[in-house]
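J.: From just these sequences and the hints, can you work out the full model?
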Amino acid sequence: MSNDIKNNLTDNKFFLLYLKIIICFFFVLILTVALINYKIDPEKVYPNYFKSIKSEELSLIDFTEKLVQSDNGIVMKNYIWNERDIFYNLAGYPTDAECAVLGSSPATQISSFRSNKSLSKTCSSLINLAVNGGAFEDYIVMTESILQNKNPPKTIIISITPWTLNFNRDPRWLQYKENFTTMMNKIQYNPYSASKRFDKTDSYNIALLKNLINLEYFMSSMDLLISKNDRSIEFANDFNHNLGLSHSVVLPDGSRINSNEYIKSSLKRKVDGISGHQNYKIIPGKWYSENTIEVFTQFVLYLKKNFKVVFVMIPYHHEVWNFSEQPVVTAMKIVELKVHEIAKSLKIQVIGSFDPKKINCTSEEFYDERHPKDLCLTKLENVHLSY
Amino acid sequence: MLYNSYIFIFLFLPITLLGFHLLGKKGHHRLTIGWLVAASLFFYGWWNPIYIALLVGSALFNYAASFVLLNKPNKFFLSLGILGNLGALVYFKYANFFVDNINILLDNNIILEQIILPLGISFFTFQQITYLVDTYLGKSKEYDFLQYCLFVTFFPQLIAGPIVHHKRMMPQFAKGVLEKLKLENLAAGITTFIIGLFKKVVLADNIAFFATPGFNAAEHGFNLTFFEAWGAALAYTFQLYFDFSGYSDMAVGLGLMFGIALPINFLSPFKTKNISEFWRCWHISLSKFIRDYLYYPISLSLTRYVLNKNLGNIGIFILGIFTPTMFAFFWAGLWHGPAWHFVLFGLLHGTYIVIYNIWIKIISMIPEDKRIKKNNITNFIGRFITFTAVIFSLVIFRAETIDGASNIIESMLGMNGIEFTDMFQIGVFGALPKTGIAWIILSLLIVNFLPNTQQFILNQSKVFINWGDATLNELNQKIKWKPTSYWGIFFAIMLTVSVISFSGTSEFLYFSF
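Just so you know, the protein sequences line up as chains A and B, in that order. With our numbering as the guide, the letters of the first sequence map in order to residues 916 to 1302. With our numbering as the guide, the letters of the second sequence map in order to residues 531 to 1043.
Just so you know, not all the hints are guaranteed correct.
To be verified - List of simulated lysine-lysine pairs, BS3-like, C-alpha gap at most 25 Å:
#1 K928/A <-> K556/B
#2 K1219/A <-> K1183/A
#3 K1288/A <-> K1185/A
#4 K964/B <-> K1185/A
#5 K964/B <-> K1183/A
Hints are computed from structural coordinates only; laboratory data are not their basis.
T.: Given below as structure tokens:
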């Protein structure tokens, strides 16, 4: 064997080993990340196969009971339960609340528990069922749970965002796909089978699969792992709602208080209307879909049989409005008109506006581009129209 | 299809490599090439299948034109060929730009429907124009059609370059050269690809969070603070560099996996000591194209004219240096996109080059023994000036309008004041100033102290052909890649971190609203 060939064979051995190491280690590491994300599952979005449930972990029903009966709410120190699980259960929990609020993140601060009560002329008390990224599909799911409530609220407040009148703007509701289908059947939305038209299970499963190897989810899993998977709950003591605590807090009525860190950073940050997340979930040109409005109308008509229904629009920051060429501004103008049009046809009361000037909210009464503080939310009823 | 996607990493690439290996192993050379062409068309069509027709049509047109030119080299057919290519490019890339400008100039209101720009059209058009020109000049020969198709469509360089030259590429597709997978190439290729992927997904995408808000705000008339403006400009400089050089590294790495050497496109441009050197290290394949096919021909013919007419030194400067430089950089700017700020970017660099040439002329007039000797301090000053000049030009490159660019530049020059309280207020920089500064410092350390991909890995690879100017970079680096277990584990970790960063924000975390 010549020296060249010998050298080549030796080289090849090294290269083969090197490639094997890269490929094997890569797959081992990826599988480890996926396994940790699945097993720890901070938001509890994966099914429980192969998972052991710790005996000290509270069931959702226990959690909801403790939340509603708590004096000052629960500190969301760790990832206790998936957010949608919490509020789906809260929706079905019998309370004396007069109103239930359906919405997304800007509505999470609507509260009857805080000293600055929101919607106080409309509701003496409320439960807040808004969830982050809450889409119209989430509202349908939450309503299905409300309908099972033995002591349901009398009024349903539907908080409408500039992107609510579209389907498929957030996949998270799909964990309650069956409840969605049940509700769709109840509202007898039947030119077509509801389950067929809105079945996005594939995209949800793909999203779950991708999430298994998501760095951000992995960091949360590691956080939880370092805290030894401590999901025990911590009751909040009496605290200043304007300052918050080390973590966000869910108040007994389901409304949320941001963490102290978030509140402080929002005070420091200058809202310019351009560089934030104001265009969140807005797709230029697709301001609303006729199909969604058709279902939305059916949904409201169904609710009206048993509840009083109120539409609420929560304002965006003044600076966002200053840049009128932004997609979100067009969306707000078009959707607000559409909401009034629907309200008029269904004889629904409308509270608030996307425009902060109409409500008299000041710039200081916002955390960021699209999340007003409680002070601004108390002014929502400054603008109300009953059709 | 993007390199930084699950479908590419977990399906397309392994399947393409496997098919290539199986066909190559059995010695089916034409089938192997056919497989790569088919895979490349699939890769291109993933984005929009309709544009496969454009790509295939372009290859057919140019192959036919080259056939005519080979048999009868004449200017008419060459012009026809070039016009055909430029016509498609102008229609897809520049039509709206021209119409908008005509509307402004003539106060018209011609409305053209929005034309979607096909991916990579600038790259495959320029590659084929080069081929036609060389065919006309008798510098190329007739190639096999299938091999020609691979030259045009080869997926690693199809979408974002580097711009490849037929003389370098075609011999690599020949029988006996393009064969089955080789472990050495695969190892070097995968490693280069991982470096590129990491640059793009981890470095560029994270730094982008700190650049974009500042530019958006300036675009809408906000006066950034002095520190915000510098923060945004530096963040964008590094974002663009890591993004583009990352993409180029991925392309080179992918080519290497198949045993094909693509040109290296970046050679530590931020270590360069003058602007001329910078352009020999930044987007090298474009610089070479512009230099060989625009600058040299114009400069040569104008210099001849100056010498014939005896126009003296000023004549040589104006016609031999200034005019061809500005002309070449005008087109280099416009090549990046149909907008005036790209033209301005090109012209600014043209001006830099002209100033540099004047400087060299002045230096050359000083007797050698009286010149300041090059040392670490002069090198540092050279690097600092070059880097700063590039940052200012990239502000113009990034801004969507001239107003937006001048807004940031004014703040960078302190024309809106320099305040040391509330240094960062806008966007992510405002919320996380320490993180933003940390990213910028990390980027500075990487671009200044780490070897580039060529120094680190490609010089060790037998297949790699040095297409850049190797003398610009010290090749004896302390940190060198070797196929050892340690490096294997290191790159497996880098690949994992990159892949788990693909999807960015988790849509399942409750605070991700």
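J.: For each hint, tell me whether it holds in the structure or not.
T.: Quick rundown of the hints versus the structure:
Between the alpha carbons of K928/A and K556/B the distance comes to roughly 22 Å, so the proposed pair stays at or under 25 Å and holds. Proposed proximity of K1219/A and K1183/A is contradicted: the alpha carbons are some 44 Å apart, above 25 Å. Proposed proximity of K1288/A and K1185/A is supported: the alpha carbons are some 15 Å apart, at most 25 Å. Taking the CA atoms of K964/B and K1185/A, the gap is near 16 Å; set against the 25 Å cutoff, the hint holds.
The suggested pairing of K964/B with K1183/A holds, with an alpha-carbon distance near 14 Å, which does not exceed 25 Å.
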